[in-house]
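Each chain, letter by letter, is given below.
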Amino acid sequence: MKKYDAAIVGGGHNGLVCAAYLARAGKRVVVLERRDRVGGAAMSEEVFPGFRFSVFSYVVSLLRPEIIRELELPRHGLHILPLESTLTPLREGAKAGDYLAQWNDHDQNRRELARHSPRDAEAYDEFGLELHQMARLIKPILAIAPPDPTSLHPRELVDLARLARMFRNIEKKKFNALWRLLTMSSAEYLDAWFEGETLKATKSASGIIGTMLGPRSPGTAYVLLHHYMGELDGVFRAWGFAKGGNGSVSAAIAAAARSFGAEIRTSAPVQEILVESGRAKAVVLEGGEEIRAGIVVSGADPRRTFLGLVGEKHLPGEFVESIRRFRFRGSSAKVNLALGELPDFTCLPGRGPHLRGAISISPSIAYLERAYDDAKYGEISRRPYMDIVIPSMLDPAMAPPGKHVMSIFVQYAPYHVNGGWTDARREALGDAVVDTLAGYAPNIKSAILHRQVVTPADIERVVGLSEGNIFQGELSLQQMFFLRPAPAWARYRTPVDGLWQCGAGTHPGGGVMGASGRNAALAILGGHA
Amino acid sequence: MRFHAIVIGAGVDALVAAHLLARRGRQVLVVEERAPASRDFGWVPSQVVGELGLALAVDAPDPWATALSQDGGKLELWRDVRRTSDSIRRFSERDAQRWPDFCRRMAALARLFEQLYLETPADPLNLRFALRVRGLGREGMVDLMRLLPMPVAELLDDWFECDALKGALGAMGILNIRQGPRSSGTAFRFLHHHVGSPEGVFRPPRTDLGSRLRQRPGVEVRTSKVEKILVKSGRAHGVVLDRGETLEAATVISGIDPRRTLLELADPAWLDPELARAVGNIRRRGVAARICFDTSMKSTVYAPSLDYLERAYDGVKYGRVSERPYLEAHPTPQGTEVHFQYVPYEANGDLAATARRLLPGLENAQVASILGPADLEREEGWPEGQPYHAELALDQALWMRPLPELAQYRTPIQGLWLCGPATHPGGGVAGAAGYNCAQAILKEKN
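Taken in order, these protein sequences are the chains called A and B.
For the first sequence, the working numbering gives the first residue as 1, with consecutive numbering after it.
For the second sequence, the working numbering gives the first residue as 1, with consecutive numbering after it.
What the hints contain is simulated information worked out from the structure, not anything from laboratory work.
In this text, a Cβ means the ideal position worked out from N, Cα and C, and glycines have one as well.
Any given hint could be a false lead.
Here's a subset of chain B near chain A, in silico, CB distances under 7 Å, partners left out [claimed, not checked]:
(1) 125
(2) 146
(3) 184
(4) 395
(5) 404
Taking CB as the label site, the calculated pair distances span [as the list claims (entries may be wrong)]:
(6) A/166 - B/443: 30 to 36 Å
(7) A/165 - B/444: 28 to 34 Å
(8) B/350 - A/195: 32 to 38 Å
(9) B/70 - A/267: 48 to 54 Å
(10) A/377 - B/134: 38 to 44 Å
(11) B/240 - A/118: 36 to 42 Å
(12) A/165 - B/268: 35 to 41 Å
Isolated chain A (complex conformation) (with noise of 0.2 Å):
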């Protein structure tokens, strides 16, 4: 029986991350997919016959440039297109039938804010000054592993006192500055910002993104910052789709890792974590392989990990009680459309630029609110938020010549819809998808050639995310930092001698970050992370 020093459960791309930094750095490592596929949901897939879809997450920003360095990404496949722009179309009100674009090229993005409102425009530099700024303050406290701040350990008050230091170092009005951030809503932040409806209520959309909060919550700024993180190194000016969908990322790191020699097999379901006197000896494949490593470093979620693959008996109750009461919620959906043409959008019709970047339907912030109260009680949103990209407009291999794939990110879709997630619902949330999009671009449902619905439900059962949240647990602030997932075991080790987590549950989160992985296998080699 062959021993590796390191046996990493689930390829997701954390997972991968991990493994590769354990391989670089001459570890024998073995990570296990229960697919038959790396990814997790970063994955592409030939849905229907000639259409491939990023079929869960779709975009890429936030994926650590460390990473993408260190790791040679390039290299080995990663090719990554820009989305130039964001097209939010109206339909009611006052504007019906105008739209707000947003551009990157600067003095074409000025122009369009300032023919909603010479104001906005004039403020949105000085708006993307701060969230620059801010982002900045974060980034660092991205790649640490978080210190106990209730530990006398010397260890972890050096490690404290090294924080302390680093946000005293910050001005103190970007300290307070990023409380605001921290515990504002994005609606109220934006408030004081602008004065354009629809302006502030695309940009708040990113703060609802993956959270069960509507705009107005508090705690949805922080989001917002955390999606704007992206826009930081000069890597990838602002948002981009990866060339051949998101299973291209996660192919990229595979093959970093393999490079460095780490084993990676597919169809290899992890049952069991097994614990043999407080230790991590092994891990358990169904049908009974038992694959013995040195560690044994989860990327699944926590609540998977702890209370699934470990289980309760051999961990502290306290921590038990931390991990159940670890929040995931998923409300997020995925509509995945294989077209026969290109969407006509009303506001802005036919082929142009607009299409190529994405299409948000965030008309204003009473639109966003409405769309969350239907899920906090349980219901699917009747007329929901949707980020749409359309990635055969900018890599016209993922669709048949002349024809087209969307991918549509809905909100909400709450997994604890009321009456479960059924077939019939889940058309249900097809149709009102659909319907909402074809109010701004009427050829859609005749352009439809193939419907794909991905539930919460779905991507719990197919990608193993506990209630299909896309986080691996709410990016809420009580959930953050050194309570990621559980108070004094943010730093990627776990109450399990051996047994380490690497999986977006533990700081800094998720949205194909990588920063996990990387934190993870710096703190497993006894890097200073």
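With chain A held as given, fit chain B onto it using these hints.
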């Protein structure tokens, strides 16, 4: 006549600040537009009582609240922790067992805040502050870190299953703010309203602090309206009253809201434009109406579940009165006062009928008055009807209250100070802001 200090507004904080300065030999004049008749809401810190040698009448109803459940059941919440456990047991054995532990852990956090509230707000990165937080011990620290940003609904769901209990407690998270129990930061507000209360009591008391101070000699109180704060070369030197009279003083202390103080009474040109913009963005939306009935009833809360409260909040986001509001009734010498939340600024509709329908005992009561936020602004001087003058949300609390630049009670105009509930620690605590402001002034003078 020349005074050492002129205090604008006559909330309890203004009066406390005035009397503390007077005790140190200052000539102090209070200029108030009106003398509120109602009793004062909020814990009065023992330092305030002690320093001023007050003998206050503090309401301590027992039970401190009777919570109504959706099916008409009654949950009595007593000052005695065990006795409350017995009440809860009729609804849930598990909750009854958890109640004492919950009370103990919340009280431990409240004790920390009792200290923090009697000081100018601590810098969160200050070492002394960090050590004090560590003094809570591991359990307390984890509780604090988790609780501060949390929605009160999550906090209570972690502990309890009884809807009426969670509703009655959760109401303190949303009291006087335009948020629902599922909004982050409401757990902090729940704790805020517990500060100063005995273990197991989750309602701030009512006292006669204001009327006591108003009768107390040593400070001249004048009923008039301040039109203008006089500023010369960046220094406040007096006020102009509505009758045109000018009063000089080296120190001007405002107990009214900062937006009006700095943008209307003083010339905003004295502020840095960025700060002026921030002052203009201080959120202070009122969300409740006050209805007075002529019939007396005991302290009752109608908040039968957290979902009920959340639904009550939904309407107001779109400018509507809650059809099924959060109600809280308490007895007054004249009858019963009902807190009706949520209503928009211009509250319309038959609020009294809704209250009568939901609160047993008021079926035949006559309405003495109904005041919505717009009325309360006019009658009580609460900006936009917000009794705390600035919404108590995490981004407007502690060292950020009402803005980081104003949190030390000072303003950029020399000699002009803020002491109202818009400053730390804020409404729901009576007199602490006035106390802290007076200390800061005395410290500077010495």
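Here is what the structure says about each hint:
1. Hint status for residue 125 of chain B relative to chain A: holds, with the closest Cβ pair at about 5 Å, below 7 Å.
2. Taking 7 Å as the C-beta cut-off, the interface hint given for residue 146 of chain B holds, the closest approach to chain A being about 5 Å.
3. With a least beta-carbon distance of about 4 Å to chain A, the hint placing residue 184 of chain B at the interface is held under the 7 Å criterion.
4. Below 7 Å, beta-carbon pairs count as interface contacts, and residue 395 of chain B has one with chain A at about 4 Å; its hint therefore holds.
5. The interface hint given for residue 404 of chain B is met, as the beta carbon of that residue sits about 4 Å from the closest beta carbon of chain A, less than 7 Å.
6. Taken as a hint, the range 30 to 36 Å holds for the pair residue 166 of chain A and residue 443 of chain B, whose Cβ atoms sit roughly 31 Å apart.
7. Here the CB-CB span from residue 165 of chain A to residue 444 of chain B is close to 30 Å, well matched to the stated 28 to 34 Å.
8. Here the CB-CB span from residue 350 of chain B to residue 195 of chain A is close to 35 Å, well matched to the stated 32 to 38 Å.
9. Between residue 70 of chain B and residue 267 of chain A, the C-beta spacing of about 51 Å keeps the proposed range 48 to 54 Å intact.
10. Between residue 377 of chain A and residue 134 of chain B the beta carbon distance is about 41 Å. The supplied range of 38 to 44 Å therefore holds.
11. Between residue 240 of chain B and residue 118 of chain A the Cβ separation comes to about 38 Å, which falls inside the hinted range of 36 to 42 Å.
12. A beta carbon spacing of about 38 Å between residue 165 of chain A and residue 268 of chain B agrees with the range 35 to 41 Å that was offered as a hint.
In summary, this structure violates none of the numbered hints.
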